[in-house]
Amino acid sequence: MHDFAYLRPRSTGEAVQLLVEHQPGARYFAGGTTLFDLMKLGVEAPATVIDITRIEGLARIDASERTELRIGALAAMSDVAEHAVVLREFPALSQSLWKAASQQLRNMATVGGNLLQRTRCAYFRGGPEFACNKRVPGSGCAAIGGANRGHAVLGGSEACVAIYPGDMAIALAAFDAVIDTVSPRGERTVAVRELHREPGATPHLETVLAADELIVRIRIPRGPVGRASTYHKIRDRESYAFALASAAVAVHIRDNRVADARIALGGVATRPWRATEAERSLVGMPLTRAAARRAAELAFAGAKPLEHNAFKVALGIETVTDALMLAKDRS
Amino acid sequence: MATPTITNRNTPRAGAERVDAHDKVRGATRYAADDARPGLLHAALVPSRIARGSITRIDTSAAQRVRGVRTVLTHENVGTFDTGGFLMGGGFGFQSFYPLRSAQIAYRGQSVAMVVADTLEAAREAAALVVVTYEATPFVATLDAPGAEPLAQTAVLPQPMFADRRVGDAEAALASAPVTVDLRYTLPAQHQNPMEIIATVAEWNDGVLTVREPTQNAEGVRHGLARQLGIEPAKVRVLSPTLGGGFGQKNSLQSHTVLVAIAARALQRPVKLVMTRAQLFHNASFRPASRHHVRLGADRDGRLVAAVHEIDQQTSRHDLFPSLGTEITSRLYGIGNYQGRERLVRTDVQTPGYMRAPFEHPAAFAFESAIDEMAYALGRDPVAFRLANDATVDPLTGKPFSSRHVAECLVKGSETFGWARRTMAPGSMRAPDGSLVGWGVAIGTYKAAVAPAIATVRLNTDGTVRVAVGGHEMGQGMRTAIAVTVSRTLGAPVAAIEVALGDTTAAPQHLTAGSWGTATALPPVLEAAQRLMEDLRKNAGGTAGESGVTALALLRASGRPFAEAESRRRAPGQPEQVFGRLTGGLPAAAGPVYPDFVAFSFIAHFVEVRIEPTTRRIRVPRVVSVADCGAVASPRTARSQVEGGVVWGIGAALREVSEVDPRYGGFLNADLAEYVMPVAADIGRIEVDFVGKPDTRLNALGVKGLGEVAMVGVAPAIVNAVFHATGKRLRRLPLMLEDLLEG
Amino acid sequence: MNDTPTLRAADGKPALSRRTFMMTTAAGAGVAAACGAVAATPEAPANPHAGSQATRVTVNGKPYELALEPRASLLDVLREQLGLTGAKKGCDHGQCGACTVHVDGRRVASCLTLAVKTDGCAVTTIEGIESPDGTLHPMQQSFIDHDALQCGYCTPGQVMAAIACVREGHATSDAQIREYMSGNICRCGAYAGILEAIREAAPQMRRSEGARHA
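Residue numbers (this note's numbering), protein chains in the order written: chain P, 1 to 331; chain S, 1001 to 1743; chain G, 2001 to 2214.
For the record, the hints were derived by calculation from the structure and aren't laboratory data.
Even glycine gets a Cβ: it sits at the ideal position worked out from N, Cα and C.
One should not assume that every hint holds.
With a Cα cut of at most 20 Å, we get these calculated DMTMM-like pairs of lysine to aspartate or glutamate [stated by the list, open to error]:
hint, chain 1, residue 1, chain 2, residue 2
1, P, Lys99, P, Glu82
2, P, Lys328, S, Asp1433
3, S, Lys1728, S, Glu1742
4, S, Lys1728, S, Glu1738
5, P, Lys328, S, Glu1612
6, P, Lys99, G, Glu2168
7, S, Lys1235, S, Asp1503
8, S, Lys1399, S, Asp1596
9, P, Lys99, P, Asp79
10, P, Lys99, S, Asp1596
11, P, Lys304, S, Glu1742
12, P, Lys304, S, Glu1738
13, P, Lys40, P, Asp3
14, P, Lys99, G, Asp2174
Some chain P residues flagged as far from chain S (calculated, every beta-carbon gap over 10 Å) [to be verified]:
hint, residue
15, Thr48
16, His204
17, Leu298
Computed spacing ranges between beta-carbons, pair by pair [to be verified]:
hint, chain 1, residue 1, chain 2, residue 2, range
18, G, Pro2063, P, Glu14, 25 to 33 Å
19, S, Arg1037, G, Asn2060, 17 to 25 Å
20, S, Gly1584, G, Glu2065, 52 to 60 Å
21, P, Thr67, G, Ala2054, 42 to 50 Å
22, S, Asn1460, G, Ser2208, 39 to 47 Å
23, G, Ser2173, S, Arg1067, 51 to 59 Å
24, S, Pro1400, P, Gly145, 51 to 59 Å
25, P, Glu65, G, Ala2054, 19 to 27 Å
26, G, Asn2060, S, Val1131, 28 to 36 Å
Build the full structure now, drawing on both the sequences and the hints.
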């Protein structure tokens, strides 16, 4: 790794200004658990690192507003996971956090940074000898026709089938959370479900954010649907591993019928995947296991398995079904 | 070491404390990479990006321009150095191929250059700037690739120890057996992945090379380096006092060590190389992939009458790493007709080698799974079936076992586990939460080998004791077993005993592997300590007869400044010349066949699995393991060895696979996230017990080995349990979720 | 003096081989080490680690003023510059926990922490856990008593993680301990002993340190 310039702004304005000044080749740097990891692999090589973690006021978890929970982008994953309001009103969010990584990494990583986590695909990470359109546009995709057991059955393209690996974004997508950003062009708000792009023909473009855009806040609408929620995560070992399939699920049951259902999939898609058709199929019905299973099957109806990951469809269906039943138990 | 007052009230585990635990919990134990003195230079390796071919151009100019870089070694400028040979071919290395001796590329990840710089950061930066142009040639990456041609081991390795094992006429007996099974099993390549990455520190002083490296074979490294550098072995010293895990990957001379020595000599500074975790997957040995074909025949009374076990095992293109799995499956039971056949399959990879129970774990997985299938074919309880087919003498040689208590392991384990409550039918047991419950059993065995060793024990008037013997402490507790034994014999406190291990200037350092370490070191240590006591008593006259008198008291009474005694021991049946191999750094272990007996350790594992009905996640909430390893020299560390072996078995059965993409070669999942090893949440209750009957035919202490038998049989016990839970026979490791999912 | 004859370049400096010499003269050698010319220099540069970023950090209660390269990890700075080799490198990518230390009381993976980020922080390593008089921390003693280690390489990270785990309030049941200690891989497989050790040390810690979290 070449050495890089290290800057430590004290305000968001200063951070944005520094990034613009040092563009291209400058990156915002929060906990570093994604960026430093990829820099060691040579996948990322910024010339200038802008450490945003000393900006005041961006780490607060603010539950004072009745309609929405506000989480500063610099809040640590571990802190959000244990926050009383998160535990009570959005248990799926808490679970999606503490089921990710390890406590060491959760203490370091910020929720803003976690949204921007990059894929674990071995061809992306493994070195220049592997064809990877995400790393080197136009170089091909070694996962297609290769070792793709861990890759996507939803949202892939001929150029890329890499999984979006994060857990928290799945829960946030289920809760219709939004993020607020600042940039030289001002402030804007982006729905979490619209934050991540599918690879299409441009797998190197992973989000709708501009390079100089800084996430400052996550906001989650508070309401009846969050409390009976769960994040169910199936992986190759019991902990400290990425998802083979996961589901952030929330249900609001009134008079024994589903009034609102949220289903978002992780571990199976190139971006957090809201299964809206599946959700709609549940509304107005009692939430039986059979109904849950039908919804789960709908969620995976468009799945396109690759040579080695067809099991993700069956696994995903079981995961969503189980998750809906777990969420139901919470209501 | 002062003993501080302990105010807490722990209930410690049984047995003496591990003697190095105090330092280890304080982070005070020094491993090779902990050398950080001023002036040390840092090295970094550059890996090959292709799987086979040659380097046509290597450009180090950008690398050399990095601030702090001292040199960049390539095959073009490193000068000449000799091969260190191959451990299995009269040499010292884990493979006969040594990078940087030519432009040849033999496997992806092979080192093509080494940078040396003032700082680690500069070395890594420069390593990434070395530009290599290759000419790539076709290669064979896996055991089952087209073009991967199996060679009969008997044809290519003519030595008797590699011959096909045979007794009776298994094919004929199989043909006439009333009940037969014919089954194939597959195991993947796996990597040892000790927590401590391989690191080398080399320095020269007045023409003497000192190398600090975690190695299980300090003498082999010493002689190998001497050969490579063309210097006298007396000019090389190797120190490996404590390894952060070995598991076989640190068994022999590594192929990079000489480069560090060359750099240190040229730059006249100590040089430290710490591989990256990813490089560990390609720059040292690993467990080869294997295929097994097991055919068993039995009569209707439940007696096994025939067994044929054929193994195909992966090797490299440049070396023949032998397959020895049939050495144990021919002895698991008393089967009068046995045929083993082993074949080696060349692939373009670094030479595979020894990874904990290298042949025994895969062979036992296949055989014990097949035994379970046969038990069910006969309608017999799996424990009863095994007991009914126990051996009384070695089927292959006809010799008696020095000791064999596998029946007791099965009976004891069965009682502890509650096996009597098992219902045979698959899927017949369920947990209250709806999980499928499966109970499985398997046995394991591992040879009780012994190597020659020379031990000295010295007592000083200040009360300190120094023990020097050949051996390497990698967490198995060898230091503890030695210290405890000497403490008992001399009446000296453990804290006063220094045990020098892994130091080629203290005593000749035979390879510590094959579970023979403690069985090798302990007898000469005991004998030396006993000789010391005897010597002191002889000179003490009147006080000698008093019981409980310590060696120190006798020494002080004698007026001598110190007392020292030596012992040299070799395995039963070994000639005196074997000490020449010991001091020459060559492997000299004997066993399991000795002149008057064969010697094996045994174990029985009982496993409960619970399978989530929907996602088919397999959990292992409890395991009971009962081991027959002779006398238990150090109960606390022995229990930990078995617990560790069970964790390894769980990893081998349910987690670990070194993935290969045949288009690229090498190993794709070369990190600790994607190479999946068990974590704390994967491990449930493990109960360990020992038969504890000393094997005094093997040595005076009655100890057999434990470190590897601990793992053998765990994987088939798990897979047999999965069958019991689901009715599905799985014959490929590791088991994955998709193996049990429908649809 | 080496036994092996050392080839010398025309300027009298030792070279690895004639070919090295030819390469470096072609590149304009004879100039200082910055050009990568092979030169055997017994003396070390003043501080080869010196970098641009002033960093004030307290480690185990001792204040340091360091000039660091931004790219240096906290793990490498502890080990290679401060002589604190207790924290271990097992993977260098946050995948094993062997490098676990505390920064401002929280457990972190020091291999993925930029050392410059610890400016103004307090770092605690395994070396700083025992009492000044050498009395072991209850967690350390418990590890010994339950043989929660074998080769010892992961042990400093395990102890640091275990202490934090208890203080976080994540050691209230076996299942919780297993889950919250899963970030520390033990290849020797000492998990059973580690669980026992934490189970036994946790109430002792709570008694002596008082409750910190719910």
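Handout entry: Pair hint outcome, Lys1728/S versus Glu1738/S [Cα-Cα no greater than 20 Å]
Key = The hint holds at about 12 Å.
Problem - Cβ distance range 51 to 59 Å for Pro1400/S and Gly145/P, holds or violated - result: holds, 57 Å
Problem - 20 Å Cα cutoff - pair Lys99/P, Asp79/P - result: With Cα atoms ~13 Å apart, Lys99/P and Asp79/P stay inside 20 Å; holds.
Practice task
Starting from the hint 51 to 59 Å, judge whether the C-beta atoms of Ser2173/G and Arg1067/S obey it.
Solution key: Holds, at about 53 Å.
Practice task
Look at the Cβ atoms of Asn2060/G and Val1131/S and judge whether their distance stays inside 28 to 36 Å.
Solution key: With a Cβ separation near 43 Å, Asn2060/G and Val1131/S fall outside 28 to 36 Å, so the hint is violated.
Handout entry: Consistency of the no-contact label for His204/P, given chain S and a CB cut of 10 Å
Key = Label holds. Min Cβ-Cβ 21 Å, cutoff 10 Å.
Handout entry: Restraint check for Lys1399/S with Asp1596/S, where alpha carbons must lie at most 20 Å apart
Key = The given pair, whose Cα atoms are some 7 Å apart, holds under the 20 Å limit.
Exercise for the section: With respect to the beta-carbon atoms only, verify the hint that Pro2063/G and Glu14/P lie 25 to 33 Å apart. Expected result: Holds: the Cβ-Cβ distance is about 28 Å, inside 25 to 33 Å.
Handout entry: Satisfaction of the hinted span 39 to 47 Å by the C-beta atoms belonging to Asn1460/S and Ser2208/G
Key = This hint holds: roughly 40 Å between Cβ atoms.
Practice task
Please work out if Lys99/P and Glu82/P have their alpha carbons no farther apart than 20 Å.
Solution key: holds, 12 Å
Exercise for the section: With 42 to 50 Å as the target window, see if Thr67/P and Ala2054/G comply at their CB atoms. Expected result: holds, 45 Å
Handout entry: Straight-line alpha-carbon gap Lys304/P to Glu1738/S, limit 20 Å
Key = Holds: Lys304/P and Glu1738/S sit about 17 Å apart, inside 20 Å.
Hints 10, 25, 26, counting from the list given before, are not met by this structure.
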